[in-house]
Amino acid sequence: MTKTNPGNFFEDFSLGQELVHATPRTVTEGDVSLYTALYGFRHMPHSAEPYAMELGFEAMPLDDMLAFHMVFGKTVPDVSLNAVANLGYAAGRFGAPVYPGDTVRTTSTVIGLKENSNGKTGVVYVNSVGVNQKDEVVLDYVRWVMVKKKNLDAPTPEAVIPELPKVVDVDDLVIAEGLDFSKYDCELAGSPHLWEDYEVGEKIDHIDGMTIEEAEHQMATRLYQNTAKVHFDQFAAKDNRFGKRLIYGGHIISLARGLSFNGLGNAFKVAAINAGAHANPTFSGNTIFAWSEVLDKQEIKGRSDMGALRLRLVATKDQPTEGFPYKGEDGKYSPDVVLDLDYWVLMPRRG
Amino acid sequence: MTKTNPGNFFEDFSLGQELVHATPRTVTEGDVSLYTALYGFRHMPHSAEPYAMELGFEAMPLDDMLAFHMVFGKTVPDVSLNAVANLGYAAGRFGAPVYPGDTVRTTSTVIGLKENSNGKTGVVYVNSVGVNQKDEVVLDYVRWVMVKKKNLDAPTPEAVIPELPKVVDVDDLVIAEGLDFSKYDCELAGSPHLWEDYEVGEKIDHIDGMTIEEAEHQMATRLYQNTAKVHFDQFAAKDNRFGKRLIYGGHIISLARGLSFNGLGNAFKVAAINAGAHANPTFSGNTIFAWSEVLDKQEIKGRSDMGALRLRLVATKDQPTEGFPYKGEDGKYSPDVVLDLDYWVLMPRRG
Amino acid sequence: MTKTNPGNFFEDFSLGQELVHATPRTVTEGDVSLYTALYGFRHMPHSAEPYAMELGFEAMPLDDMLAFHMVFGKTVPDVSLNAVANLGYAAGRFGAPVYPGDTVRTTSTVIGLKENSNGKTGVVYVNSVGVNQKDEVVLDYVRWVMVKKKNLDAPTPEAVIPELPKVVDVDDLVIAEGLDFSKYDCELAGSPHLWEDYEVGEKIDHIDGMTIEEAEHQMATRLYQNTAKVHFDQFAAKDNRFGKRLIYGGHIISLARGLSFNGLGNAFKVAAINAGAHANPTFSGNTIFAWSEVLDKQEIKGRSDMGALRLRLVATKDQPTEGFPYKGEDGKYSPDVVLDLDYWVLMPRRG
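Line by line, the protein sequences are chains A, B and C. Using our numbering, read the first sequence as starting at 132 and increasing by one per residue. Using our numbering, read the second sequence as starting at 132 and increasing by one per residue. Using our numbering, read the third sequence as starting at 132 and increasing by one per residue.
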């Protein structure tokens with residue numbers, strides 16, 4: 132019997148199955164430094180502890196997308212080692228902030244299965260929940276992936292496609308206990324634009340570009356203990372259809388979010404991921420640009436210190452974004468678009 | 132109205148103007164590890180906490196140049212986003228040591244302005260002061276940059292050029308309270324050469340070379356939250372006159388200082404920056420070499436445990452330094468010279 | 132007199148000589164994050180503090196090979212700056228676990244000397260001992276290197292070749308006080324295979340490959356404060372017989388050990404290094420693969436919570452390892468083999 136991990140194939144998943152993912156991860160200040168070095172993050176509460184604590188955080192919290200990568204990375208060996216494609220995200224809600232010293236672990240439940248008509252692959256829907264050492268939920272989300280069948284004769288399971296919300300309801304956003312953004316300091320944060328200043332339909336070109344290097348995305352992806360082979364093995368990659376190592380889609384999320392500081396400098400708190408698509412693959416040498424659109428703007432019940440903005444974050448490769456490139460007339464993503472992320476942030480307001 | 136930061140143009144600066152720079156930065160052990168990984172630092176007090184504390188430091192202090200980068204990085208979005216050239220440094224004095232856990236922020240005052248005769252650019256002099264969370268000054272320095280005008284019709288301000296010292300007076304060097312270098316251990320520090328052993332006029336070839344990679348300088352520059360676009364965007368850089376991303380000048384300072392350990396192994400405490408010039412640009416693939424010259428040597432009043440050395444640190448690209456390459460007969464820097472830094476160190480002496 | 136370190140030449144070593152190596156090193160969480168980012172380590176006790184403490188560790192211990200690199204790096208400026216080749220390792224025993232916050236320093240004793248018949252080089256055997264701030268031994272090992280003579284007329288020393296064990300005796304393995312693997316959680320560790328499940332003679336192909344980038348091995352080698360010039364200076368390297376920078380052999384050890392998680396996921400505790408050879412050089416761009424063989428399997432006196440496995444770890448470059456590439460019929464390493472490491476691990480058992 133082989134002792135190496137073959138990963139799960141489509142026929143290995145069953146509805147309701149629980150997957151306890153390996154390798155809990157104690158996150159540290161070292162992870163935060165690397166994250167800053169990899170993406171250039173500048174949101175004040177993730178950069179300066181005293182100011183984070185003035186907002187009610189217990190310490191300097193990790194950027195929510197770093198927490199996402201840590202929770203997500205754990206699922207790869209069990210969920211997507213034999214994946215053909217990462218198809219989507221939904222219903223992602225961030226809970227307790229993650230602080231250096233916290234230990235995060237992830238469990239997933241299979242909530243949907245649908246074999247493809249070719250009989251060679253199927254779609255698996257998992258609800259993954261990351262918790263900290265106090266069993267507080269830090270992130271709860273659904274993703275679905277297309278996974279290969281190994282045994283083509285394995286029986287086709289009954290198709291179950293879960294009902295998923297198109298958007299997380301603003302009333303379902305989690306606001307960690309103690310958070311109070313009323314003392315937020317715009318001058319030190321580097322941006323005067325608060326919740327009131329954004330309008331639904333407004334588009335923002337984040338202007339700057341950042342070029343990806345192989346060493347950077349490899350270090351990032353290993354930091355998250357994401358083991359997907361396509362990111363690391365050029366010997367195998369030289370024979371794939373691109374001839375190159377693929378960049379982990381989460382690396383693009385964090386690059387784009389880092390770039391979005393320029394225009395959304397106070398959008399430091401991600402509250403939910405409504406939907407997401409890695410529209411096209413990226414490679415070392417690509418320069419990533421990003422633009423955002425305000426999709427919705429909501430008050431939060433009983434709060435005058437913060438409001439919610441629903442944002443679309445679009446990243447492109449080797450294509451500046453002053454024209455807001457997105458989809459063609461056929462409804463398909465432009466070949467330069469590499470990320471389409473729909474998410475909620477909590478942003479300080481003037482009260 | 133655009134929400135992205137356009138940066139300040141020459142006409143946006145006014146004499147006496149105060150700039151409160153964004154994004155205070157809590158520095159951590161993670162930053163120190165990255166700094167070691169990027170430059171190979173080996174000065175004992177920055178590497179080993181118990182030995183640092185024997186010298187009177189409260190903990191393991193950051194290399195002063197790492198503190199410099201952190202303080203400097205903050206100024207970029209307000210001072211040099213539209214800069215054509217970083218012209219010089221003067222009157223830089225390091226104050227309180229920076230320790231992991233400290234939070235550093237920076238404020239600048241405009242102390243000089245001079246429009247160039249072409250009417251398209253001008254020189255801005257700023258005095259930048261970095262302080263820690265106790266409001267203790269960690270670094271106070273002047274730099275001047277050539278900045279573009281946006282509105283060429285903006286009125287020309289009265290030219291004011293500040294009087295700046297050519298050299299920081301040795302009596303003005305700050306020695307942090309409690310420091311006592313008398314227990315310094317040369318054997319563990321890896322160099323037997325103390326203050327007494329250096330002579331004015333002495334030149335030291337640091338021998339070793341270090342080749343720069345894109346991923347390294349990008350990670351360094353983002354770690355310092357320096358946002359200058361020329362370092363990150365190859366898509367734009369392919370059309371500049373070099374066709375390449377430029378390396379942040381501070382990356383060269385730290386590389387050269389790292390190399391200078393081989394010959395100046397006990398010069399761990401930088402006390403002042405008298406002057407500095409980034410003589411020529413550097414790019415990924417360049418191999419950096421360095422040499423030093425002892426420009427001055429001074430006792431420190433009332434101290435037998437340490438003395439001051441004024442050093443010139445010269446870095447070259449793709450040019451070993453046994454011949455001490457510097458300037459041509461025309462007084463201009465040799466094209467291989469990339470850094471000329473004039474600084475004071477405090478070095479342990481035999482007493 | 133030059134103030135730069137010329138390193139020791141063969142004639143500078145004498146039998147019984149003690150070398151107190153410079154630059155003690157306080158290791159931190161930042162170092163651990165970088166190590167994870169460089170190699171993708173996933174052994175649970177090095178990733179998650181609460182689970183490490185359940186096994187009796189005082190905190191989250193460093194991977195033993197990271198401790199090895201820290202101890203080894205110190206020896207380079209004194210032992211191998213003028214080395215032609217790193218010939219072997221023996222009798223390596225790990226002692227006290229190394230935790231973030233510990234300060235490690237290294238001392239070596241010359242235990243053997245043998246001039247080569249060409250009169251130009253000689254072999255130096257050193258016993259290096261790394262200790263922590265409590266003077267507890269963290270690693271004790273022997274290595275031998277071929278070092279150049281500088282003065283070819285220097286007298287030939289009496290040849291002394293130390294007697295070295297081919298294998299560390301299982302009874303000599305150090306088990307740190309308080310360790311108890313009986314609460315080990317295989318599910319969270321990501322592998323169900325414990326000590327009982329491995330058989331002598333069993334070979335494991337670790338399947339995955341990882342491609343090396345220049346920025347990665349340079350950052351790793353500097354993190355360990357290993358100063359050997361061949362790793363950093365492309366300007367000089369362009370004229371060596373490879374035309375390239377050489378990768379530090381220890382980088383390959385950690386890459387291979389990282390890959391070996393897939394098949395040896397519970398082999399988190401290295402107890403001894405019996406022997407090791409860097410069979411062929413590696414360069415940026417090489418993809419590293421690895422396989423292991425179980426060489427021996429021993430009970431540990433009085434312990435039902437753990438057993439010892441003696442493993443051979445073989446790494447290759449640009450050569451997948453399903454065929455277990457090793458040596459040719461002539462007994463020489465295949466040109467694709469880059470590492471042959473013989474070591475003991477302590478592995479949890481079912482009791």
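The hints are simulated quantities; they were obtained by calculation from the structure and are not laboratory data. Since the model is a prediction, treat every value here as computed from it, not as a measurement. In this text, a Cβ means the ideal position worked out from N, Cα and C, and glycines have one as well. Hints may be right or wrong, so weigh each one.
In silico lysine-lysine, DSS-like type, Cα no more than 30 Å apart, as pairs [stated by the list, open to error]: (1) 334(B) with 280(B); (2) 281(C) with 251(C); (3) 428(B) with 432(A); (4) 463(A) with 280(A); (5) 360(A) with 265(C); (6) 314(B) with 428(B); (7) 265(B) with 314(A); (8) 279(C) with 134(A); (9) 369(C) with 375(B); (10) 458(C) with 360(A); (11) 369(C) with 334(B); (12) 432(A) with 314(A); (13) 279(C) with 334(B); (14) 375(C) with 369(B); (15) 458(B) with 428(B); (16) 428(B) with 297(B); (17) 280(A) with 314(A); (18) 369(A) with 428(B); (19) 134(C) with 297(B); (20) 279(C) with 314(B).
Listed below are several chain B residues computed to face chain C (Cβ distance under 7 Å; list not exhaustive) [said to hold, decoys possible]: (21) 161; (22) 178; (23) 179; (24) 321; (25) 332; (26) 335; (27) 340; (28) 344; (29) 374; (30) 449; (31) 453; (32) 454.
Looking back at the hints listed earlier, which ones does the structure fail to meet?
1, 3, 5, 8, 17, 18, 20, 25, 29, 31 and 32
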